[in-house]
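J.: Here's the letter readout for the chains.
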Amino acid sequence: MLFLDEVCEFPRSHLEALRQPLEERRVAVARVRATVVFPAEFVLIAAANPCPCGHLGELSGPVCRCPEEAISRYQSRLSGPMRDRIDMMVEVPRLGGDALLCGSSEEPTALVRARVAAAQARQSERLTTVGVAANALLRGDQLLDVCRLDPGARDALTAAGERWQLSARAYHRVLRVGRTIADLAGEERVGRGAVIEAFQLRGQAP
Amino acid sequence: MSRRLLVPGGPGWPAGLDDLAELNPSLRVASLWVEGELPELPELPGVAVVGARRATQVGREVARRIGAELGARGVTVVSGFAEGIDVAAHRGCLAARGRTLAVLGCGLAVPYPRAHQGLRTELSLRGSLVTEYTSWDAPLRWHFPHRNRIIAALARAVIVVEAGVSSGALSTARWAADLGREVLAVPASILAEGNTGSNRLLRDGARPYLDVSDLADLLPGLAAGAPAEFSGLSEQAQGRPGAAAGQGATVRLLEVIGAEPVPRELVAGALGLGARDLAVLVGEMELTGSIRTLPGGLVQRVHGRGGIR
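Order-wise, the sequence lines are chains B and A. Everything in the first sequence is counted per the working numbering, starting at 1 for the first residue and increasing by one. Everything in the second sequence is counted per the working numbering, starting at 1001 for the first residue and increasing by one.
Keep in mind that the hints were calculated from the coordinates and are not lab data. Note that CB positions come from ideal geometry on N, CA and C, so glycine has one too. Some clues are possibly wrong.
To be verified - Computed Cβ-Cβ distance ranges for the label pairs, DEER-style:
| no. | chain 1 | residue 1 | chain 2 | residue 2 | range |
| --- | --- | --- | --- | --- | --- |
| 1 | A | 1028 | B | 80 | 48 to 56 Å |
| 2 | A | 1125 | B | 142 | 26 to 34 Å |
| 3 | B | 165 | A | 1266 | 54 to 62 Å |
| 4 | A | 1118 | B | 132 | 43 to 51 Å |
| 5 | A | 1125 | B | 85 | 36 to 44 Å |
| 6 | B | 168 | A | 1125 | 33 to 41 Å |
| 7 | B | 168 | A | 1266 | 48 to 56 Å |
| 8 | A | 1146 | B | 168 | 32 to 40 Å |
| 9 | B | 77 | A | 1210 | 50 to 58 Å |
| 10 | B | 73 | A | 1125 | 20 to 28 Å |
| 11 | B | 77 | A | 1028 | 47 to 55 Å |
| 12 | B | 140 | A | 1269 | 35 to 43 Å |
To be verified - In silico contact screen, one side only, chain A against chain B (beta carbon under 10 Å); selected entries:
| no. | residue |
| --- | --- |
| 13 | 1115 |
| 14 | 1137 |
| 15 | 1263 |
| 16 | 1269 |
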């Protein structure tokens, strides 16, 4: 697990160096005499503010007055190819003081954990024939078999591909996330809802 | 790039500027540099759209929209080419293929503000830039309030969008009032300090601006002219099935979302939907182009034909 807090504050060159390990799950160090390959299997989690002042999109409290140019400059520190490799982007709104004090009405993590474990079990059972351990490790050519897309899901993929000009990488990533969403819900086939939700999580729409 | 110098009484001189000298001889504009093509400058029914530099996203969206509404109806949008509201108004107008006029606080050779040179090029090609300063005059701080008198003089009306108590847009509004131009302000939330200036204008008797019909009596022919086919901003919306094609939850979602962006959580609460169902619903509607999502987890309606997103 690699957690990068304030990811937009990292030098761009450092972030770009993550592209290879994110895609290939290995790091190749090339020197004059030899090239050494290290395994680099990890889950990247990153956090960032939406703009330099951190208030963009908030409707109450301090208002964001960053110039548009500063916002786009800030957000572009995470390059397009890097974004393309990130499966899920979730906006986390600021919690008000009362929400913090009243305690949480959310699901307890023990419950979530049980659901995740069940989904993992379903995954690994299905994937034994393919020979990988998790949806995230599926190759592009294995995906369509494993996903068992509903016709509706297929339509949604086609429509989204046309609308947002998706890369092949984006397709594959959406399929992996969609498969996992279906697994969490205990669904055998990947339905339209799972695909659409995967797109939403990707933050695909411009 | 052709630059021309206009002088009082000479060809192309905007008659509106003479009102300044009448008000007070010291306010007289001695000459005006013009870049770009804007035929018959004196005849243009201009409306100024001005506001804060440090504008919010909502303010910019409002300015873009007003710029587009006016531009699409052949009304020249006058503004100050400053960061924030001004730039958004120019952009909206250009996107609607309208004519727009930027009054600068510096000479025409000075690339200011640096961040908007792309827009500047577009302005000189499809609108025009005017200034009373000579080529290399720097954008000095005191130029801007002074420049505001020209914005007011070149317009029939001034619309103030999102101005704080110390915003320069208020000086434009004052010039407008002194010159007998109509002053309008866009009503906005009283919670945000950035709106205090424009809201006070309303309290002091400015006319509220809700849409172009508020200008109907000032700009005869505005209502008569067919609302031009608006094609600029809604490119993404073209060639898609009608937004009203959905039913049930889709329709209810559209009812909940107004013109202003709303946080998703509010929508989920209003519709009684869980996060997952909402994600699917929003995703479906984004796919058809009837809504879009904005930074900060906001969702907004995209209006269809004849409207402005």
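J.: Next step is simple, just say for each hint if it's right about the structure.
T.: Results of checking the hints against the structure:
At about 52 Å, the beta-carbon gap between residue 1028 (chain A) and residue 80 (chain B) stays in the expected band of 48 to 56 Å. For the pair residue 1125 (chain A) and residue 142 (chain B), the supplied restraint of 26 to 34 Å is violated, since their beta-carbon distance comes to about 52 Å. With their beta carbons about 31 Å apart, residue 165 (chain B) and residue 1266 (chain A) fall outside the hinted range of 54 to 62 Å. Separation of residue 1118 (chain A) from residue 132 (chain B) is about 47 Å and conforms to the stated range, judged on CB atoms against 43 to 51 Å.
Remark: the range hint 36 to 44 Å for residue 1125 (chain A) to residue 85 (chain B) is upheld by a beta-carbon distance near 39 Å. Evaluation of the 33 to 41 Å hint for residue 168 (chain B) and residue 1125 (chain A) yields a pass: the beta carbon distance comes to about 38 Å. Remark: the range hint 48 to 56 Å for residue 168 (chain B) to residue 1266 (chain A) is contradicted by a beta-carbon distance near 37 Å. The beta-carbon spacing between residue 1146 (chain A) and residue 168 (chain B), approximately 57 Å, falls outside the hinted interval of 32 to 40 Å.
Residue 77 (chain B) and residue 1210 (chain A) have their C-beta atoms about 39 Å apart, which leaves the hinted 50 to 58 Å range violated. A hinted range of 20 to 28 Å for the beta carbons of residue 73 (chain B) and residue 1125 (chain A) is consistent with their spacing of about 26 Å. Separated by about 49 Å at the C-beta atoms, residue 77 (chain B) and residue 1028 (chain A) satisfy the suggested range of 47 to 55 Å. Taking the beta carbon of each, residue 140 (chain B) and residue 1269 (chain A) are about 39 Å apart, inside 35 to 43 Å as hinted.
The interface hint given for residue 1115 (chain A) is met, as the beta carbon of that residue sits about 4 Å from the closest beta carbon of chain B, less than 10 Å. Hint on residue 1137 (chain A) is violated. Least Cβ distance to chain B is approximately 23 Å, over the 10 Å limit. For the restraint placing residue 1263 (chain A) at the interface with chain B, the shortest Cβ-Cβ distance is roughly 6 Å, inside the 10 Å limit, so the hint holds. Interface restraint check: residue 1269 (chain A) against chain B, minimum CB-CB distance 13 Å, threshold 10 Å, status violated.
The earlier numbered hints that this structure contradicts are 2, 3, 7, 8, 9, 14 and 16.
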